[in-house]
Amino acid sequence: MNPTRGCGTTNRANGVKGRQTVIELENVAYSYGGGELLSDLSIKLAPGSFHFLTGPSGAGKSTFLKLCYAALLPTAGQVRLFGADARTMDRTAVALLRQRVGVVHQDCQFLDHLPLIENVALPLTVAGRNVAHEEANLKDLLQWVGLTNRASALPPELSGGERQRAALARAVIMAPDVVLADEPTGNIDWEMSQRLLQLLIELNRMGKTIMVATHDLSLIRAAKTQVQARVLRIKNRRLQLAGADL
Amino acid sequence: MTDLSGLIQSDAAADRVVPPAGFTVQLTLFSAGAMAFLAVFALALSLAAGRLAVHWGTELARSSTLRISAHAEQMDTQVAAALRVLETTPGVESARALDTTEQQALLEPWFGPGLPIDMLPVPRLIEILETGAGYDAPGLRLRLQGEVPGAVLDDHTRYRRPLVSAAAHLRVLGWLSILLISGTLAAMVTLAANAALAANSQVIGVLRLVGATDAYIARAFVRRFTLRAITGAAVGMMLGLAGIWLLPEGDTANDLLTGFALTGWHWGLPVLIPPLAGATAFLATRAAAARVLRGLA
Ligand SMILES: Nc1ncnc2c1ncn2[C@@H]1O[C@H](COP(=O)(O)OP(=O)(O)O)[C@@H](O)[C@H]1O
Ligand SMILES: [Mg+2]
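As given, the protein sequences belong to chains A and B, one line each in that order.
Numbered by the working numbering, the letters in the first sequence go through residues 1 to 246 in order.
Numbered by the working numbering, the letters in the second sequence go through residues 247 to 543 in order.
If you're looking for bench data, these hints aren't it; they were derived computationally from the structure.
The model shown is predicted, which means the values in this text are computed figures rather than measured ones.
Beta carbons are placed, not taken as given, at the ideal position from N, Cα and C, and that holds for glycine.
The reader is advised that the hints may include incorrect statements.
[Stated by the list, open to error] Anything over 10 Å on all C-beta distances counts as not near chain B; from chain A, calculated: (1) 92; (2) 95; (3) 113; (4) 230; (5) 239.
[As the list claims (entries may be wrong)] Rough simulated footprint, nothing fancy, chain B against chain A, three-plus residues with beta-carbon under 8 Å: (6) 141–153; (7) 205–211.
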């Protein structure tokens, strides 16, 4: 099962074995206006890597991910996305970046007036692709996340787990190089979160760079038995590599 | 970018990303209709006023007449004296005594053909052509009183001079109204578009998250408002035209009220109103969207 079959160009410069880092932060700091929330972060995400980002609620995990998809700009330091300085990207460049970075948002934002299948296809629609041509691919993807029979449901009718899986499907429809997931198992039961984790691991095996923000340590432990994942922790505004102390 | 070709191509998928029209779009439909209705009348007023100004203007420029009554034996000297006076009057371009045949032609409707005009004590007529500036009528009357006692200056067309300038003025006011109507439509559409963009800020947020460019988002709104403005204006224009069509037929050349109807190819002009309303809405929405999207960055 390949959820990204036929979607987008797969041999983008960095998709090939350039081993260019996809996301790179250098001495990054961020503040919402008060004191600094994040200070002096430096990290490089290599293509095909799997990272967890953990830390207590309010530590700045979502903020960190937003820096990684240029929803926020650092107040100090430099964020490079596919080699380009986020600060120099105009809004069109940011829009194009969103086609290469699939994001599963914490609150899974959907358009409530469109059925699930159209929400999943939204990245195609706004990229000007003919969605009718991608129908087979779209159906595969819904099957992959187990939502085939919910295709015509409106987002408010979906359960938490269904919303998370739909958000994941939407995040990968453009065959992005990177998938960032913010608390993807936030409000779903254990079984469903295991299923979602499997989907993320599958994506990683296809070569996608994955970063999952979560405060759910049992999810991380479950993942570590199946995939080589690094665990980053935000503590006292800084980023640390968590070790065996998990 | 948000160009017209992208606007005309139907794009059902793109249209659906913004939730179905709320009251803002109905507001645009109504405003465009009302404004187009008013624009038809302003246009008809301008055209009618223009027609009157031209018609009366040429009539004015044509002539006035000097009527000379005298005993037959004095007639020629009086006519010659009058012509001399007129020659030296500033504002008179030329003056010419009508000959017998011309006078006969003028009287024919009343007396029938073959009138022996030489035998009758009919006044002689001198046709005066004025320069653009015109002559000083009271001054000319005074001079004629002294030198040609039997002369009566008939400048009946002169009373229209203020009417002509009023008609010209009305025409300007009509065009000004059309400008103001366009401006008002632009303002209404801007308000409606701003309201729609504000009401959909959450939708805009989602669209941005999945990679929609500002141009794409703007287009979805611009399309909607432009098409509604065109539709509304088309309906308003039809109703306006029907209103004019139903006016009683009148003298389109001379009377402003009954001559208010459109004539000839002028009936085609209101057809321009819907595309102009569309262009106005297009520009207004595009500007509003650009401003709001920059603000929501
Ligand atoms: N838009 C914002 N404006 C101001 N403060 C914010 C904003 N978003 C988040 N914060 C604050 O920043 C801190 C970190 O938030 P967040 O990154 O969401 O943490 P986490 O995802 O780790 O729970 C919190 O204290 C939160 O209240
Ligand atoms: Mg968070």
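Structure-based check of each hint:
no.: 1; hint: 92; in the structure: violated, 5 Å
no.: 2; hint: 95; in the structure: violated, 4 Å
no.: 3; hint: 113; in the structure: violated, 4 Å
no.: 4; hint: 230; in the structure: holds, 26 Å
no.: 5; hint: 239; in the structure: holds, 24 Å
no.: 6; hint: 141–153; in the structure: violated (count 0)
no.: 7; hint: 205–211; in the structure: violated (count 0)
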